[in-house]
Amino acid sequence: MTEKTITIREQKVHKDYTKVKLIILLILLGLLLLAAAFASKVSPFDPYEQDLGSALQEPGDAHIFGTDRYGRDMLSRVIMGSQTTIFSALLLVCIITVVGTVVGIFCGYYGGKLDAVLMRISDIFLAFPGMVFAIAVAGVLSGGLSNAVVALACISWPKFARLARSQVMTVKDAPYIAAAKLAGSGTVKIMIKHILPNIAGAIIVTAVLDIGTMIMELAGLSFLGLGATPPTAEWGSMMSNGRSMLQTCPWVVLAPGFAIFITVVLFNLLGDTVRDVLDPRNSASH
Amino acid sequence: MKKYIGKRLLQLIPILIGITLLTFILMNTSSTDAIDIMEQNTGGSWTEAQKEAARAALGLDKPLPIQYINWLGDVLTGDMGESYISGQPVFLTFMEKLPATVYLTITSILLTILISIPFGILSAVRQNKFLDYLIRFFSFIGNSLPNFFVALLLILFFSLKLGWLPVMGSSEGFKSVILPTLTLAIAMSSKYTRQVRATVLEEMNKDYVLGARARGIRENRILYFNVLKASMLSIVTLLALSIGSLLGGTAIVESIFMWDGVGKLAVDAILTRDYPIIQAYVIWMALIYVLVNLATDIIYHYLDPRIRLGEGMK
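Here the protein sequences come in this chain order: A and B.
One rule links them: number in my numbering = place in the first sequence (from 1) + 34.
One rule links them: number in my numbering = place in the second sequence (from 1) + 5.
One thing to keep in mind: the hints can contain errors.
What the hints assert, rightly or not - Here are the in silico distance ranges between beta carbons for each label pair:
(1) B/Pro-123 with A/Ala-208: 38 to 48 Å
(2) B/Ser-50 with A/Leu-67: 49 to 59 Å
(3) B/Met-237 with A/Thr-263: 46 to 56 Å
(4) A/Thr-204 with B/Glu-207: 12 to 22 Å
(5) B/Pro-104 with A/Pro-209: 37 to 47 Å
(6) A/Leu-56 with B/Leu-17: 43 to 53 Å
(7) B/Ile-146 with A/Cys-128: 26 to 36 Å
(8) B/Phe-142 with A/Arg-154: 55 to 65 Å
(9) A/Val-222 with B/Ile-146: 17 to 27 Å
Claimed, not checked - Think about it this way: if two alpha-carbon atoms lie no more than 30 Å apart in a straight line, the pair counts; the simulated DSSO-like pairs of lysine-lysine are:
(10) B/Lys-134 with A/Lys-193
(11) B/Lys-234 with A/Lys-46
(12) A/Lys-147 with B/Lys-8
(13) B/Lys-12 with A/Lys-206
(14) A/Lys-53 with B/Lys-134
(15) A/Lys-193 with A/Lys-227
(16) A/Lys-147 with B/Lys-12
(17) A/Lys-49 with B/Lys-134
(18) B/Lys-12 with A/Lys-49
(19) A/Lys-55 with B/Lys-134
(20) B/Lys-134 with B/Lys-12
(21) A/Lys-193 with B/Lys-8
As the list claims (entries may be wrong) - Here are some, though not all, of the chain A residues that point toward chain B, as calculated from beta-carbon distances under 7 Å:
(22) Gly-146
(23) Ala-150
(24) Met-153
(25) Arg-154
(26) Ile-158
(27) Ala-161
(28) Phe-162
(29) Met-165
(30) Ala-170
(31) Gly-173
(32) Gly-254
(33) Leu-280
(34) Gln-281
(35) Thr-282
(36) Val-287
(37) Leu-304
No wet-lab data here; the hints were simulated from the structure.
Idealized CB from N, CA, C, for every residue including glycine.
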């Protein structure tokens with residue numbers, strides 16, 4: 035590619051554009067989270083109330099997304115499901131980010147035996163391909179949404195530990211750390227006040243980009259019957275239950291499916307935008 | 006090179022111990038007792054003495070570290086016990102189902118290569134032009150679709166609406182493999198198209214490309230003879246590394262399409278609490294994954310002239 039000289043004006047336009055994108059995404063996601071948080075207030079019908087008389091109605095005026103085989107309103111169930119799916123995914127991402135970052139900072143800062151042992155442990159978790167270990171953990175712990183979260187947390191924290199560790203290694207010998215030490219700062223203070231702010235960018239970018247993936251994997255485990263169990267409204271298990279009616283009543287599968295898709299799209303767009311802001315060198319277009 | 010291989014093989018040992026130990030611990034934390042499951046499956050109610058006898062026969066009365074050593078010995082000799090449900094040896098059952106999963110993995114990798122390499126290169130060459138945006142748009146969509154949704158959409162469209170392809174099973178030969186392959190390849194291609202693009206772009210920004218341009222060498226020639234040649238090795242490595250994770254990622258797709266491989270075997274085993282099968286699945290998948298990655302890594306080191314030739318200096 036020919037090297038382009040980017041003028042300051044162009045840079046500013048790009049920055050403004052990214053800012054606008056970020057604000058729009060945050061508003062959309064804020065609305066989504068609000069709807070999820072107040073799901074029971076927002077839903078037009080009771081998502082758990084069965085009405086066999088109006089089972090499997092096509093999407094129409096009364097029920098915008100139709101009804102399932104028990105006559106439950108699909109729209110209400112999709113809204114209720116957003117609560118289950120999104121909040122467990124967010125909780126999961128918080129857990130793995132915090133655990134991974136703490137482990138990574140300690141490993142990177144202290145090095146030595148502690149580092150070697152913890153990194154070997156993370157190697158072992160990384161040695162299991164993708165979902166295999168999660169499926170086994172969820173299976174052995176006998177299903178349930180919280181167990182699915184534990185299962186995915188087990189295999190996902192090492193990624194953050196590795197990232198935080200490598201980032202710490204690049205900053206720990208910087209002059210300002212030495213200066214802080216000379217000024218008498220304690221280790222914990224150095225980690226929190228000097229190291230964490232410097233490595234936070236890369237970790238936040240990875241964490242936000244992970245939300246979408248985690249939503250899909252949690253829904254995947256529920257789809258296999260290893261996560262949320264009926265009658266809980268959860269997108270993955272709703273799709274799994276509707277599978278046999280794909281031909282006659284596709285809406286029972288399509289409604290939660292598109293709900294997952296749109297949510298993941300929004301979170302992935304947010305991830306890309308956050309990366310443009312915090313870590314422009316690695317942005318998608320360059 | 007030999008030294009490197011030796012070092013990598015040595016590093017493998019703690020990983021293997023870790024994998025088996027972790028699996029062993031996992032299986033022992035399960036809330037249900039193996040004896041209870043066996044009792045349920047035989048239908049009858051056992052006396053305490055019978056239970057004790059069964060426990061002793063399985064070695065479950067010994068302390069945990071001893072149990073682990075015994076169990077590890079069994080695993081290494083290919084004896085992984087019998088399925089609680091069918092009573093068949095687990096190892097044989099697993100090996101019987103493995104070819105179907107390997108077959109599906111190979112077709113998916115091939116399709117992924119066919120999609121992601123040309124589109125990734127095209128996207129890089131046309132950086133920030135319409136075609137690049139289009140390709141990136143589709144790879145973004147593909148990245149945001151969970152594979153079970155893709156599978157159901159494909160079934161809805163190609164099997165139920167158009168009636169071209171079978172909904173499930175593997176009885177119709179080549180026709181049955183199309184949809185599961187497509188499902189797996191869509192997700193993977195979306196990911197790898199981006200990575201191929203990034204790799205090629207990185208190579209194109211190197212100084213020697215600028216040098217070649219300055220000497221007036223045609224853009225196409227630089228692309229085919231320098232850039233692609235240099236980036237192909239990392240691209241192929243990237244794809245080879247995905248084989249392992251793909252082998253383990255087929256469980257959902259296999260159980261949707263009723264594809265009779267190890268993934269479906271494991272999911273079914275979880276639903277029936279058939280622990281020996283789950284155990285075999287976890288260990289073997291991890292083992293295959295680790296070995297495929299190791300082999301890829303060694304071959305990469307062997308093929309990369311920068312590393313191979315630089316060896317004498319180390």
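Hints, verified against the model:
Restraint check, B/Pro-123 to A/Ala-208: a C-beta distance of roughly 44 Å satisfies the suggested window 38 to 48 Å. With their beta carbons about 51 Å apart, B/Ser-50 and A/Leu-67 fall inside the hinted range of 49 to 59 Å. Distance hint for B/Met-237 and A/Thr-263: a CB-CB separation of about 47 Å, consistent with the stated range 46 to 56 Å. The hinted range of 12 to 22 Å is satisfied by A/Thr-204 and B/Glu-207, whose Cβ atoms lie roughly 20 Å apart.
For the hinted restraint 37 to 47 Å between B/Pro-104 and A/Pro-209, the CB-CB distance of approximately 59 Å leaves it violated. The hint said 43 to 53 Å for the Cβ distance between A/Leu-56 and B/Leu-17, and at roughly 45 Å that hint holds. Taken as a hint, the range 26 to 36 Å holds for the pair B/Ile-146 and A/Cys-128, whose Cβ atoms sit roughly 27 Å apart. Between B/Phe-142 and A/Arg-154, the C-beta spacing of about 41 Å breaks the proposed range 55 to 65 Å.
At roughly 45 Å, the beta carbons of A/Val-222 and B/Ile-146 sit outside the given window of 17 to 27 Å. Restraint check for B/Lys-134 and A/Lys-193: the C-alpha separation of about 34 Å exceeds 30 Å, so the hint is violated. Among the hinted pairs, B/Lys-234 with A/Lys-46 is inconsistent with the structure: their alpha-carbon atoms are about 37 Å apart, more than 30 Å. Annotation: proposed proximity of A/Lys-147 to B/Lys-8 holds, straight-line Cα distance about 25 Å (limit 30 Å).
Proximity of B/Lys-12 to A/Lys-206 is assessed by CA-CA distance (about 29 Å); at most 30 Å being required, the pair is judged to hold. Taking the CA atoms of A/Lys-53 and B/Lys-134, the gap is near 23 Å; set against the 30 Å cutoff, the hint holds. Distance hint between A/Lys-193 and A/Lys-227 is fulfilled; the C-alpha atoms sit about 23 Å from each other, no more than 30 Å. About 20 Å separates the Cα atoms of A/Lys-147 and B/Lys-12, which keeps this hinted pair within 30 Å; it holds.
Only pairs whose Cα atoms come within 30 Å are accepted, and A/Lys-49 paired with B/Lys-134 is accepted, the gap being roughly 20 Å. Annotation: proposed proximity of B/Lys-12 to A/Lys-49 is violated, straight-line Cα distance about 48 Å (limit 30 Å). Distance restraint check for A/Lys-55 and B/Lys-134: the Cα-Cα separation of roughly 20 Å lies within the 30 Å cut-off, and the hinted pair is therefore satisfied. A distance of roughly 46 Å separates the Cα atoms of B/Lys-134 and B/Lys-12; the hinted pair therefore is violated under the 30 Å criterion.
Between the alpha carbons of A/Lys-193 and B/Lys-8 the distance comes to roughly 29 Å, so the proposed pair stays at or under 30 Å and holds. Interface hint at A/Gly-146: violated, since its Cβ lies 17 Å from the closest Cβ of chain B, which is beyond the 7 Å cut-off. With 7 Å as the threshold, the beta carbon of A/Ala-150 stays out of range of chain B, its nearest partner Cβ sitting at about 10 Å, so the hint is violated. Of the supplied interface hints, the one on A/Met-153 is violated, with its beta-carbon coming no nearer than about 11 Å to a beta-carbon of chain B, more than 7 Å.
Given the 7 Å rule on beta carbons, the hint for A/Arg-154 holds: about 6 Å separates it from the nearest Cβ of chain B. Interface hint at A/Ile-158: satisfied, since its Cβ lies 3 Å from the closest Cβ of chain B, which is below the 7 Å cut-off. Contact between A/Ala-161 and chain B, as hinted, is supported at the beta carbon level, the nearest pair being about 5 Å apart and thus within 7 Å. At its closest, the beta carbon of A/Phe-162 sits 5 Å from a beta carbon of chain B; the interface hint therefore holds under the 7 Å criterion.
Interface hint status for A/Met-165: upheld, as the beta-carbon distance to the closest one in chain B is roughly 6 Å, under 7 Å. For A/Ala-170, the interface hint holds, the least distance from its beta-carbon to any beta-carbon of chain B being 5 Å, beneath 7 Å. Annotation: interface hint on A/Gly-173 holds; nearest CB of chain B at approximately 3 Å, less than 7 Å. Restraint check, A/Gly-254 versus chain B: the minimum CB separation of about 6 Å is within 7 Å; hint holds.
Because the smallest distance between the Cβ of A/Leu-280 and any Cβ of chain B comes to about 6 Å, under 7 Å, the interface hint for this residue holds. With a least beta-carbon distance of about 5 Å to chain B, the hint placing A/Gln-281 at the interface is held under the 7 Å criterion. The restraint placing A/Thr-282 at the interface with chain B is violated, with a minimum CB-CB distance near 9 Å, outside the 7 Å limit. Checking A/Val-287 against chain B: minimum C-beta separation of about 5 Å stays under 7 Å; hint holds.
The criterion of a C-beta within 7 Å of any C-beta in chain B is not met by A/Leu-304, whose closest approach is roughly 12 Å, and the hint is violated.
Violated hints, in rising order: 5, 8, 9, 10, 11, 18, 20, 22, 23, 24, 35, 37; the structure is consistent with all others.
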